[in-house]
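Engineer: In case you want the letters, here they are:
Protein chains: 2
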Amino acid sequence: MTRSAPQRGFPNAEFEARTEAAQAGMAEAGLDGLLVMSEPEVRYFTGFQTLFWQSPTRPWFVFVPASGKPIAVIPEIGAALMRTCWIDDIRTWSAPNPQDDGISLLRDLLAPLAAQGARIGLPKGHETALRMPLADWERLMAALPGMQVRDATGLMQGLRMIKSDAEIEKLRHICAIGSATFDHVPDFVEVGQPLDEIFRAFKRAALGLGADDVPYLVGSAAPGGYVDVISPPSARPLQHRDVLMMDTGCVWDGYFCDFDRNWAIGAGGDAAQRAYDVLWRATEAGLAAAQPGHTCRDVFVAMSGVIGELDESGGDIGRLGHGLGMQLTEQPSHAAFDETVLAQNMVLTLEPSLSYGGGLMMVHEENIVVRADGAELLSRRAPAALPVLR
Amino acid sequence: MTRSAPQRGFPNAEFEARTEAAQAGMAEAGLDGLLVMSEPEVRYFTGFQTLFWQSPTRPWFVFVPASGKPIAVIPEIGAALMRTCWIDDIRTWSAPNPQDDGISLLRDLLAPLAAQGARIGLPKGHETALRMPLADWERLMAALPGMQVRDATGLMQGLRMIKSDAEIEKLRHICAIGSATFDHVPDFVEVGQPLDEIFRAFKRAALGLGADDVPYLVGSAAPGGYVDVISPPSARPLQHRDVLMMDTGCVWDGYFCDFDRNWAIGAGGDAAQRAYDVLWRATEAGLAAAQPGHTCRDVFVAMSGVIGELDESGGDIGRLGHGLGMQLTEQPSHAAFDETVLAQNMVLTLEPSLSYGGGLMMVHEENIVVRADGAELLSRRAPAALPVLR
Numbered sequence: 001m002t003r004s005a006p007q008r009g010f011p012n013a014e015f016e017a018r019t020e021a022a023q024a025g026m027a028e029a030g031l032d033g034l035l036v037m038s039e040p041e042v043r044y045f046t047g048f049q050t051l052f053w054q055s056p057t058r059p060w061f062v063f064v065p066a067s068g069k070p071i072a073v074i075p076e077i078g079a080a081l082m083r084t085c086w087i088d089d090i091r092t093w094s095a096p097n098p099q100d101d102g103i104s105l106l107r108d109l110l111a112p113l114a115a116q117g118a119r120i121g122l123p124k125g126h127e128t129a130l131r132m133p134l135a136d137w138e139r140l141m142a143a144l145p146g147m148q149v150r151d152a153t154g155l156m157q158g159l160r161m162i163k164s165d166a167e168i169e170k171l172r173h174i175c176a177i178g179s180a181t182f183d184h185v186p187d188f189v190e191v192g193q194p195l196d197e198i199f200r201a202f203k204r205a206a207l208g209l210g211a212d213d214v215p216y217l218v219g220s221a222a223p224g225g226y227v228d229v230i231s232p233p234s235a236r237p238l239q240h241r242d243v244l245m246m247d248t249g250c251v252w253d254g255y256f257c258d259f260d261r262n263w264a265i266g267a268g269g270d271a272a273q274r275a276y277d278v279l280w281r282a283t284e285a286g287l288a289a290a291q292p293g294h295t296c297r298d299v300f301v302a303m304s305g306v307i308g309e310l311d312e313s314g315g316d317i318g319r320l321g322h323g324l325g326m327q328l329t330e331q332p333s334h335a336a337f338d339e340t341v342l343a344q345n346m347v348l349t350l351e352p353s354l355s356y357g358g359g360l361m362m363v364h365e366e367n368i369v370v371r372a373d374g375a376e377l378l379s380r381r382a383p384a385a386l387p388v389l390r
Numbered sequence: 001m002t003r004s005a006p007q008r009g010f011p012n013a014e015f016e017a018r019t020e021a022a023q024a025g026m027a028e029a030g031l032d033g034l035l036v037m038s039e040p041e042v043r044y045f046t047g048f049q050t051l052f053w054q055s056p057t058r059p060w061f062v063f064v065p066a067s068g069k070p071i072a073v074i075p076e077i078g079a080a081l082m083r084t085c086w087i088d089d090i091r092t093w094s095a096p097n098p099q100d101d102g103i104s105l106l107r108d109l110l111a112p113l114a115a116q117g118a119r120i121g122l123p124k125g126h127e128t129a130l131r132m133p134l135a136d137w138e139r140l141m142a143a144l145p146g147m148q149v150r151d152a153t154g155l156m157q158g159l160r161m162i163k164s165d166a167e168i169e170k171l172r173h174i175c176a177i178g179s180a181t182f183d184h185v186p187d188f189v190e191v192g193q194p195l196d197e198i199f200r201a202f203k204r205a206a207l208g209l210g211a212d213d214v215p216y217l218v219g220s221a222a223p224g225g226y227v228d229v230i231s232p233p234s235a236r237p238l239q240h241r242d243v244l245m246m247d248t249g250c251v252w253d254g255y256f257c258d259f260d261r262n263w264a265i266g267a268g269g270d271a272a273q274r275a276y277d278v279l280w281r282a283t284e285a286g287l288a289a290a291q292p293g294h295t296c297r298d299v300f301v302a303m304s305g306v307i308g309e310l311d312e313s314g315g316d317i318g319r320l321g322h323g324l325g326m327q328l329t330e331q332p333s334h335a336a337f338d339e340t341v342l343a344q345n346m347v348l349t350l351e352p353s354l355s356y357g358g359g360l361m362m363v364h365e366e367n368i369v370v371r372a373d374g375a376e377l378l379s380r381r382a383p384a385a386l387p388v389l390r
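Note that the protein sequences, when read in sequence, are chains A and B.
Residues in the first sequence are numbered consecutively from 1, following the numbering used here.
Residues in the second sequence are numbered consecutively from 1, following the numbering used here.
Here chain A stands alone, though its shape is the one from the complex:
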């Protein structure tokens, strides 16, 4: 381990504060309740943490009333774990049940509100999904005449974007583990090694350094530079003059790091070195711009200005960084369209990318927390020049 680990989990006060903040936002938005069903949202309000979400079979629901504790409507298989959480009202059914996967329980819960023409919030906007069968959602709505559903995406985003001190400690810890793992790369990477074996070695190293999981590791290695940044690894052996990139999302206690590193194998070509230098300085510009009161757009513009030295298009990935927390990518986005005002305790990635050399691309990424006086790095800053593995 690189450092002593923080405490796992959260005191109940954390969930109380989250719920109260949600309820304050609901009151402001005129919402009589909030229905969530995604893994991070259910965890946000309850602390319910399990990998069982990887089974798509069963839906899970949490309803946040206008006052009082959240109510869980979940499959019976999750009851024992949910009972260890801070909430009291846990309603379960024997799932899967294709005829009624929680729908009548939800209807019974919401019918009194629907009868009053209540408004409930549902995150149904940008970056959300409906983690239940659409047909069941339609059936539930048909069973709740009078219920008004409003988009609560902005409300949830506003809550989750600002991290608590305890969340930041978890994020700092997993970023330190990610940094330590990248530091070890020269120990287990060598010319001739298949890329998929390098990926396995990376994951084993991260686990050995204290990561709970390495759910995300993508990257590439190709002569002089790479063309794709989301592929699984090939079995191609690493070659002299390759540029190697690995981008990882490691997890500790349910919180992600998300950053990447680049290496030249044996020797770095001029074009790759130049691209790296531009990206490193673009990140410096992003670090300087990531201040409370500035917008995500400001951070985007600051990085784009440097990227423009080499690549006027700025690439077509759509943004130059994003929020980070219980998910690999969270709102907001460092993009021209995002006017979100940065605030203290936002945890963000800075992720400039560019195209160069006729079809090659390069990415570079750091993780930060916004403090009163600007960006504090959570990842250990990448070296200023493209490192060479010999």
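Hint data in this document are derived by calculation from the structure and do not stem from the laboratory.
Hints should not be assumed to be uniformly reliable.
Derived DMTMM-like pairs (lysine to aspartate or glutamate); straight-line CA-CA distance at most 25 Å [claimed, not checked]:
no., chain 1, residue 1, chain 2, residue 2
1, A, Lys69, A, Glu28
2, A, Lys69, B, Asp228
3, B, Lys69, A, Asp228
4, B, Lys69, B, Asp165
5, A, Lys69, A, Glu20
DEER-style ranges, computed between Cβ atoms [what the hints assert, rightly or not]:
no., chain 1, residue 1, chain 2, residue 2, range
6, A, Glu28, B, Arg139, 20 to 28 Å
7, B, Gln344, A, Gly266, 48 to 56 Å
8, B, Arg381, A, Ala336, 52 to 60 Å
9, B, Arg236, A, Val388, 40 to 48 Å
Yeah, the Cβ is synthetic: ideal placement off N, Cα and C, and Gly gets one too.
We have chain A; now place chain B onto it with these hints.
Structural biologist: Below, chain B without anything else, positioned relative to chain A:
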């Protein structure tokens, strides 16, 4: 590595056959197209494989027309990888774009069909989710007056339940890696070791034996038996007389194993030994029942009959096994409600569970492929008596 690995990926003929089978099913159901957006469905038709789905930011779409190759409507960041797949028509946008995350591209693609009052299929039933913002779905439907949307859950389930020989080879390979990893457990587990460290050691072992990833590992260890089967590991040190259970979904080339193993630490109590024996024999009954022509319900009844020796409730997990493939759990379910007729080349789990000893529970799981003459094990059969780690 436990054995030489199969070829990664699939020949184009595999995707052609999948598409033709889908189109035959669509014709039978009177569908003029099929819209899918989940990771396994997009991969099923295109071969597009990436961990990038872990970012919830961007939606991805594939449309299967009544004839011809599927059409991808995807974020530009996936274009390079999608171009390595067999399909030709790839339409991209610079995502994320909160104003238009693929919706106008989808509208342009589907508008000619909508104008004819066409019927398109969408998986919107049991075990599905809508992996796009609900508000965007509603906006798309509003832009396509005349379009009729039909539930295609049964169609997709029917296609994906029957595995090709190439898929079965991948599943066999990852099940062999899972079995080999469980065989190594006595080498890295000892009394006094914190459970979370045991989990890390398990993942490192599986990676070392050739797994691409270990995205799913849950389990418990507690005196005489456990009470919960979906928790992340605690830091509690393993103790003499604990029953330890680990349940893993390892992945190779995008295909999952999903089975568990139990051990008594030092000595197994009578109650745990008895529960294990019942579950082992319930699995034998399931193996005998898993024949072409029998139903999932038949398999459930066969296993329940044995479980009833000890636990008349049969627990409340809702089913005693499920399909297995690109997801940790797929349809069908071994449950009283599921009349799916077993057919050759279905890959399934047999997963009996029971409650015993006043609040304890135990699970047991194997992975099989249904052959003409019955079940063929893909996992190495668990020992007939509760193994003791000394």
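Engineer: Look at each hint and say if it fits the structure.
Structural biologist: Hint by hint, here is what the structure shows:
{"no.": "1", "hint": "Lys69/A <-> Glu28/A", "verdict": "holds, 18 Å"}
{"no.": "2", "hint": "Lys69/A <-> Asp228/B", "verdict": "holds, 24 Å"}
{"no.": "3", "hint": "Lys69/B <-> Asp228/A", "verdict": "holds, 24 Å"}
{"no.": "4", "hint": "Lys69/B <-> Asp165/B", "verdict": "holds, 22 Å"}
{"no.": "5", "hint": "Lys69/A <-> Glu20/A", "verdict": "holds, 9 Å"}
{"no.": "6", "hint": "Glu28/A <-> Arg139/B: 20 to 28 Å", "verdict": "holds, 26 Å"}
{"no.": "7", "hint": "Gln344/B <-> Gly266/A: 48 to 56 Å", "verdict": "holds, 52 Å"}
{"no.": "8", "hint": "Arg381/B <-> Ala336/A: 52 to 60 Å", "verdict": "holds, 58 Å"}
{"no.": "9", "hint": "Arg236/B <-> Val388/A: 40 to 48 Å", "verdict": "holds, 45 Å"}
Going down the numbered hints, you'll see the structure goes against none, and every one checks out.
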